[in-house]
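Last residue of the sequence shown? That's 348 in numbering that gives the first Met the number 0, and every number before it is there in order.
Accuracy of the hints is not assured; some may be wrong.
Said to hold, decoys possible - Derived lysine to any residue pairs resembling SDA-like cross-links, with alpha carbons at most 20 Å apart: (1) Lys153 - Ile11; (2) Lys75 - Ile11; (3) Lys21 - Lys153; (4) Lys21 - Val239; (5) Lys75 - Leu132; (6) Lys21 - Ile240.
Claimed, not checked - FRET-style restraints, in silico, Cβ to Cβ: (7) Glu13 - Arg283: 41 to 51 Å; (8) Ile39 - Leu227: 30 to 40 Å; (9) Arg83 - Gly343: 21 to 31 Å; (10) Glu13 - Lys153: 35 to 45 Å; (11) Gly257 - Glu183: 39 to 49 Å.
Rather than coming from a laboratory, the hints here were simulated on the basis of the structure. For glycine and all other residues, C-beta sits at the position ideal for the given N, C-alpha and C.
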Amino acid sequence: MLFLGGGYVGSIPELIKNNQLKFYFTLTFVVTWVFFVLPILFSITDPIIAVLVSAIGGSGPALVAIVLSGAIKPKKLETQNLKRWTIFIIFLVLISFLVVLYLGISLNTISITILILIIVNAVIAAYIITGGLAAHEGIRELLNKLYIWKVGLKWYIVALLIFPAITYLSLFFGVFTTGSPLSEILPQISINALYGAILSFFYITLIRGPLREEIGWRGFALPRLQNLYSPLVATLILAVIWTVWHLPLYYNGMYPGGFDAFLTRFTWNIGLTFLFTWIYNHTRGSLLLVTLFHGSINTVGTLIITPPSISGPYSLAYIALINIAAIVVIIVDKMWRKLPEDHGAVYKY
């Protein structure tokens, strides 16, 4: 029994079961922000160390979701340990190699600190990927959503291409309204450029946020919010929380612009959250598809540099297109209506 506020409220697992979202959001902010502020507190100047420390912080949504899911449904299930750990080790090695390759780290001169940070990040990613084979019922139930892949080709096209389309439409708007040359925004097509884009996509998706965030935001939080509210209200709540969660990144060197850029994030991140909900709900709660969507967003943001000459019109078009798309999916999907309890994107208590 746990003594709290003058009375006994039961065991900790019971307390978690009865307050799942409160525990989730509170612990996610604590775990994440501790790592996000470390580069500031310790004046970390090595960009690779800062990135890898922040990446661990970015794992907060997934790590908290995994721990809470295990506590909520702790029943042990049969599992093929040899198969799981074999796959885990393979992914651990591949992801570690991916990080070294992307960051251009020399194995001859790598420091022990960077090596440890690479291994920690690779362990987290490999565990998430193989978590559908976990022994705990709650963890397996959560991470099995990564294996929902039979959703129709059109949703892969949507997840991978809708954001690049929005970005390039915004760039074209910037070019045509300022009279800038079209050559400023056309991508350089080459084997090296294609290799760089693919490498960036996998690194960013596995290490820099998408996989680690989606397990929590869409895998844990959204289904529970949609049990209580309509997709419209659930998404608005999640959008505000998710946006605020990014705040320290504007001070630890990961994102430019400081507090003003953080406030601007609200103008597009809320609309973007509706697109995540739209994809998630139409793919029966597939974490694979929203992870691909998130990876596409972050990769485009890294690879495409907006020319200063068109930054103003581009930003206006970018914000407008995202919010127009959000309004369209809200209306078409009638997101003000609550989803049925047996929907794949709704958590069943």
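Now the hints, each set against the structure:
| no. | hint | in the structure |
| --- | --- | --- |
| 1 | Lys153 - Ile11 | violated (44 Å) |
| 2 | Lys75 - Ile11 | holds (18 Å) |
| 3 | Lys21 - Lys153 | violated (35 Å) |
| 4 | Lys21 - Val239 | holds (15 Å) |
| 5 | Lys75 - Leu132 | holds (12 Å) |
| 6 | Lys21 - Ile240 | holds (12 Å) |
| 7 | Glu13 - Arg283: 41 to 51 Å | violated (30 Å) |
| 8 | Ile39 - Leu227: 30 to 40 Å | holds (36 Å) |
| 9 | Arg83 - Gly343: 21 to 31 Å | holds (25 Å) |
| 10 | Glu13 - Lys153: 35 to 45 Å | holds (43 Å) |
| 11 | Gly257 - Glu183: 39 to 49 Å | violated (27 Å) |
Consistency with the previously given hints fails for numbers 1, 3, 7, 11, ordered from lowest to highest.
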